[in-house]
Structure formats: structure tokens, C-alpha cells
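Quick mapping for you: the protein sequence lines, in order, are chains H and E. The first sequence begins at 1 in the UniProt record's numbering and counts up by one. The second sequence begins at 1 in the UniProt record's numbering and counts up by one.
Just so you know, the hints here were simulated from the structure itself, not pulled from any lab data. Careful: at least some of the hints might be erroneous.
Subject to a maximum C-alpha distance of 25 Å in a straight line, what follows is the list of computed BS3-like cross-link-like pairs (lysine-lysine) [claimed, not checked]:
1) E/LYS475 <-> E/LYS247
2) E/LYS441 <-> E/LYS420
3) E/LYS441 <-> E/LYS475
4) E/LYS347 <-> H/LYS11
5) E/LYS224 <-> E/LYS246
6) H/LYS11 <-> E/LYS247
7) E/LYS224 <-> E/LYS183
8) H/LYS234 <-> E/LYS247
9) E/LYS246 <-> E/LYS475
10) E/LYS198 <-> E/LYS224
11) H/LYS234 <-> E/LYS378
12) E/LYS475 <-> E/LYS491
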Amino acid sequence: MTDTSMNDLMKAKMIGRSEIEDLIIVPLFAIVAALILGALTMLATNVDLATIGLSYVALLKGSVGSLSAISETLTAAAPLILAGLGLALGFRAGLFNIGAEGQVLMGGMAAVITGFTFTDLPAAILMPMSLLAGALVGALYASIAGWLRVATGAHEVISTIMLNLIAYRLLDYMLRLPFIQKEGRADPISKSVPDAAELPRLLAFIDPNLRVHAGIFLVLVAVAVVYWLLFRSKLGFEFRASGENPQAARYAGMRSGLIIVLAMASAGALAGLAGANQVLGVLGRATPGFSAGIGFDAIAVALLGRSHPIGVLFAGLLFGALEAGGRQMQVDAGVSIDLIGIIQALIIVFIAAPLLVRAVFPWGFRKGSRQTEGGQ
Amino acid sequence: MDIELRGITKRFGPVTANEDVNLSIRSGEVLGLLGENGAGKSTLMNVLCGLYSPTDGEILIDGVPATFDGPGDAIRAGIGMVHQHFMLVPVFTVTENVVLGVERTGRFDHLDLATARAQVHAINDQYGLHVDPDALVENLPVGVQQRVEIIKVLFRSADVLILDEPTAVLTPQEVDDFFQIIKALRDAGKALVFITHKLNEILEIADRISVIRNGRIVGEGLPKDLTRPQLAEMMVGRPVSFDVVKKPFAPGGTLLETRDLTVLRDTDEIAIDHLNLTVRSGEIVGIAGVQGNGQSALIEVLTGLRRATEGQVMFDGQDITRTSVRERHRLGIAHIPEDRQTVGLIKNFTVAENMVLDTYYDARFSRGPRVDWAQVNKVSAGFVRDFDIRTPSVFQAAGHLSGGNQQKLVVARELSRETKLLIAGQPTRGLDVGSIEYIHKRLIAARDEGDGVLIVSSELDEIMALSDRILVMFKGRIVAEYDANAGPVDKSAIGLAMAGAAA
């Protein structure tokens, strides 16, 4: 064989039509189908057509229609992307981690405590330190489930759900502890973090109400790091091998137990970072249930993004846009924000059922491309 | 019923699976269709049973042209296919499975199983199938499940039966029974197409043989006029040597030694019972035995996948009883696992990724925490070339390769690093002749270069062809040992030992 044929062997495959259909056309049609079903839902509940039109205009306006809308979209997307990256990493390693919500809470709490405890430190130290504390505690909290799986065989779905419940109640309990609760308050609310611990707002010089903060840089770095980890590093290779085929990974000499714990820890670190991002960038303190379901929405984001860092980035931006736009929808058209939750869920249903999307929108797909071809 | 295929061509886009195939299938006759994996046998038969429509050419049934718009048409025309992978509902009885899809129902959708049951009985008696119509399919051995598939086809009044690699899942004993059934069907006037890549079987059972290669019929003839080497050459496209050429036996020092090794199964039964064996460098030791006598456990304990309960494993003078899988790789133990599909490689990973599945951490392929993928791809492309793995690129998913090429991939990965001992479980199971020849050559090359080789195989012919020493395993012990270099080994003696006669 010649050198040319060696080069042929190493020529990367062109992205084929079926990949494009799978990665772009299916999600796109899923969104369209969800929006249509959302409109039908409104129609069925006696919302007139004009209001429905108005509400979708508001959805667009509130998500990308102005600088403030974009700022809100990015603010809402940041924690979803961070936690979604963590979940995607776990999925790749074959771990169905439902515990991002709890990890967000524990990470956020750790960031708040670090922030208001070391008030004397300058921002250059305190802010990264608080973020790090969030990531670290998130990682530790998630590794409990990893360790239980390795040591006892307890399935991570069950243990992470239970750890979520524990995290909720632990948060409520801690928020009433004297050294955490804000002085002079009877309700459970933590002390506020000093400015030095906060992620600075990026566009405050234009309008102090623009909430987009430095957390979006954290997001971009996290996307790059997770991409590198999964597809370029030895550890990521082990994660993916164990996720695809744990037995083959074991035969290849990979240590499955260690890999499970490390994968859970990495996922928890990213979820913890999402929590820290919320308290340091948006809220400034911890309140009961401050996670607001980020950890659960992030599951949808990770699935929508096909557990790929770039996919998670776009899926997170979409969900952020829906959230920001949904608020505008409520204001302009008086449609409940719950509808946005319905639309988000419908998108996931359609993504999970690509055949349904193909059946509803046959013209977007090459005919018969699902059929197995070229078998011997 | 006679069927003529005339000039059948089937293309999938740019790929031509069958080109200008002419074939005649006659009642009362077994047509053997011989070809390697990927030669186009299955596509051709899928055309015949209506799953694909041909790009060109025609099908004549008793001289009348027929077109099939789907499998239903072919079944109505009397053509039935028994697939390699059974399509049965495990929790249903035999009768329920047989009627599935063609149930006769009475008033209020009442299912008339009694008539069906009687019909199954009749088919049973007519062809000597011996299948209990009331047995649950999940409780039946594989060989009997296959007969249920045949009953299904006969129940639908098929006159032409296409059998796709029917013996792949059967034990030698079951193959004998199966051949009796084929003969009974033939004598009853059915037309049969027997698809296989196994030379012995086709010579034994076929009345006529057609050989297919690269989608074309490359040879036809009667079994009495054809020999194994001739058939193999037609099938592979070049002469295939069945004789194994080895360098003179020159064993070195002891490489692997087990001392009173005892291993338990997951169920705490004894899998290996105080077993002692040695493998020297430069020799091939073959372990013969009926499946389930501890061979799998032996491989697992030698490669570090299973813990020894008692005893020791020594390798190169070092106690490795408690050493990890990875550490054993590093010491130079290579492992070609029994089941390449589930543990030997990862189907969704690319060829390149699979090529470094157990060496990615090595200094050749990594820089600190990073895998050097450019280097991996380059080295993999070299392996693909050196080991003749048929793949369009190293980025192809391993699951898309044929069985033979998957096994070559595993062999390439294991043999391309510094090895001292090679442990191979069923290294050629399910492979075509060309791949088997190739894998055997590689195993012998490893021995000739001074590696110790331990082969576990249920194919006695393979063990006898390759081994310098043959050990017979029975109930977790070595019960007999034969020196193949001292003179011809008596095959029936080994067979008796495998059955426990020497224990």
C-alpha cells in the first residue's frame, strides 16, 4: 500500500447528510413543533388568536429583541449551560445523574459562605475562591453518589434523587443557623456576599439594570474545558469508553470504580459552579430553593445538546431565551409563564422521538434515510 | 417449485451488492450458497424473499416472472426465510409463536389455538422435528428454537426455504440433528437454500454449490467434483492454505505457570479446581474442552479480570496473582477475548479509538493528560494496512466492520505492542476462511518470534492444527496432556478426554 492510501485512511469523514439531519434538522423541527403545540394549548384554553400572536412576538422580543433581552437570555442561560455540561459529562460516562439540583444548591451555599466569611480579601482572590469552593463542594456532594455506586452498587438515579431532597432540607436548615442567617431577619435567608465576591456585571456602564455578568466567560471556558476533557484527554477517553461499554473498558484495564467517582465529581463540580454562578452573579445571597429547578432544566439541556459541549451551549442558550422571553410573554400578553415550561418539555419529547418529527415534517429529510442501507 | 434468478443486480447508491447473479433453485434439492461475510449472500436472499427489490434482473417462479412488493408477497408465493437471528417471542409457547401474524380467529376474536396446535403436530411428525407445541420458547435450547423457526415457515406453506447461516449458533451435535431435518425436508420435495461460509458443511449437505464473491457468482458445481481447497479459493479469490507452517519447535524458559489455582464463579461454584499448567516461550499451548468446563474463568484469572481464590499465577518469574489488568498488559500479556463484540471492542468508537483502547496511556500515544490523536490516527492507519483490516478510514465506527475485520482489529491492537504471552479465547469463532487463515498465521508468527501462546477453543480442529501441546480441561482441571510434536495426536482420544473419560 502506498502513502496515498495511508492518507486516505486518515482522511476524516465528511459530516454526512444523516448527521446534519440528526444534529440540526431534528432539533429545529422539534422547536417548531413544540411552539405549534404551545399555540394549540393556548387556543384550547380560550386564548384568542391575536393574543397568541402577541405572545410569540413577546417571546422573541423578550429573548433577543433588545440589549436588555439578550442580557436576560445570557443570564438565564449561564447556569443551565454549566450544569448541563456536568450532566452531559456524566451521560457520556454512562451515569444518569439526576442530582444536579442538589449539587447546585450545595455549591451555591459553599460559594455564599466563602464569600461572606472572608470579606477582607480583595476581589481578585475572593471571587475565584468562592467559585472554587462552589465547584469543590458540588464535586464532593456528587461523589457521594459515585462512591455509593462503586462500593455498594446503589444506582445513581436513586441516590442522586435522595441527595437532592437532602440538599433542599439541608439548605433550609442551614439558612437558619446563626452564622449564616442574615442578622435581624426571622425568615431563612443568608447574609449577602460582599461586592468583592460577586461576578461583576459586564454592561453596568451602559445601564445598571443589565444583569449579564462575568459568569458567561466562565461558561465559555467550561465549554472549552469539557470539550478538551471529553475528546482530547486520557481521562475523557476513559469516561467515554466506560459509558459506551463498561465491560470492554474493564477488559482494556480501565479502573471502572475510579472512573465512576471521577465522572460524578466532575459533573458535580460543574453543577456546583452553576450554583456559585447564580449566587455570586445574580442573587448575591442564598434563599430557600434558590436553584429554581436549574438542575432539572439542565437535564433537558444536556439531552437536547446530545451530551456534546457545543450542543449543550446552544441548548442552554435556547432554554435561557425561552425563560427570558417567557417573562416578556407574561407581561405583554398575560400568558402564564407555565406555558414556557410546557414548550420546553415538548421540545424534549420531540427530540427524544425523532421518528415523530420525521413523520410530522417529512419534507426536511431525505427519503428513506432511516432505512439501513448497504447491508450485505 | 423451481425458482430462477436471472441477471439479478442490486445496488445501494454507489455500492453494488449483487451483480448479474444467475441462480436456480429446484425442488427436492439443497442449494449451497457459499461466500465470505460481506460477499452479498444475504442481500441476494433478501431480494429473493421480497425485502429488497432488485435494481435489475428478474425472478422466475416455475418459469413465470414474479415481482415482490414486500416479504408478504414472497411468503404467499411460497418462499420462506429462516433468519440467522431468531424472531421469536420468548414468553410465548411454540404454537403461539408459529401462528403469530397469521392467527386464525373465531367469533369475538377467539383465538383458535387448538387447530394450530394440531397443525404444528402434523408438521412435527412429517419431518421428524420433535418440538413440543406447548413448550415455552425461552425454555428451549437454541437448536430447538431454530426448528420452531422452520415450523413457522412450513406453517405458512413455504415450498422454498432459505436458511441463512443456520449452523452458526449450533453445537456440533445439534448440527448433525439439523442436517437430518434438512434431508427430511429435501426428500419431501422442498427446495432449500443453505447459506454458509463453512466448507465442511456445504460439502456434506448440499446437492449443488454456488460460490459468491464480491456480489457475483464465481463458481458452481457438484460437491463430488469439488474439494475444500478449490471451494476456499473460489470463495476468497486466492489459494488458501489449510496447512499450518511453523518453525521447528524450540521452546524457551517457562513464561506462565499456575500453582494449585482455584477460582470460583459468581455463583460460588468451583470453576477451576487446583489447576497447574505451564506455558513456555516459543510454544503454543491449546486448551481443548467442552464449553463450560472452566475455560472462561481460566482466561479471566490469567488476565486479571477475576480473582483467584487459592493458588498462584507466576509470569516471567514474578507472582502476578494480585496484579491488575493494566499491570499485566504492561508486563507483556496480550489478550484476545472470547467475545470481541461485547468486550473486545467498543462498537460506537472509531477504528482508531479501538486500536488504542488499552494502550492510549502509553508514552507513544499520550502527552501528559492529553491523548495525541494525530499520532493515534497515524499509527492506527499503519496497523490497518499491516493487518489488512478492510475499512474506508480509521474514523469508521468499529461496529460497521465485518466480524473478520473486527477480530483483525483486536488482534492488531494486542499484537502490535511488546508482548511475551498471548492469551486467545475462541480466536476464530464465527469468522470466514480467509480471516481464520490470517489469524492463525499471526498466532504462529507470535510463537515463532518467541512469545508463549495460550489458545482456548472449542474447535478441536483448530487446537490440533496450531498447538505444540494440547491440554484437555474437564470440570476445572487439566485431565489429559498431549505432545503434538512427538507424533500425531489421536483425535478420538482427545474427544474422550473432553467427555471426562480420563478423569
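How the hints compare with the structure:
no., hint, in the structure
1, E/LYS475 <-> E/LYS247, "violated (34 Å)"
2, E/LYS441 <-> E/LYS420, "holds (17 Å)"
3, E/LYS441 <-> E/LYS475, "violated (31 Å)"
4, E/LYS347 <-> H/LYS11, "holds (20 Å)"
5, E/LYS224 <-> E/LYS246, "violated (32 Å)"
6, H/LYS11 <-> E/LYS247, "violated (40 Å)"
7, E/LYS224 <-> E/LYS183, "holds (17 Å)"
8, H/LYS234 <-> E/LYS247, "violated (40 Å)"
9, E/LYS246 <-> E/LYS475, "violated (32 Å)"
10, E/LYS198 <-> E/LYS224, "holds (16 Å)"
11, H/LYS234 <-> E/LYS378, "holds (18 Å)"
12, E/LYS475 <-> E/LYS491, "holds (20 Å)"
Comparing the model with each numbered hint stated earlier shows that hints 1, 3, 5, 6, 8 and 9 do not hold.
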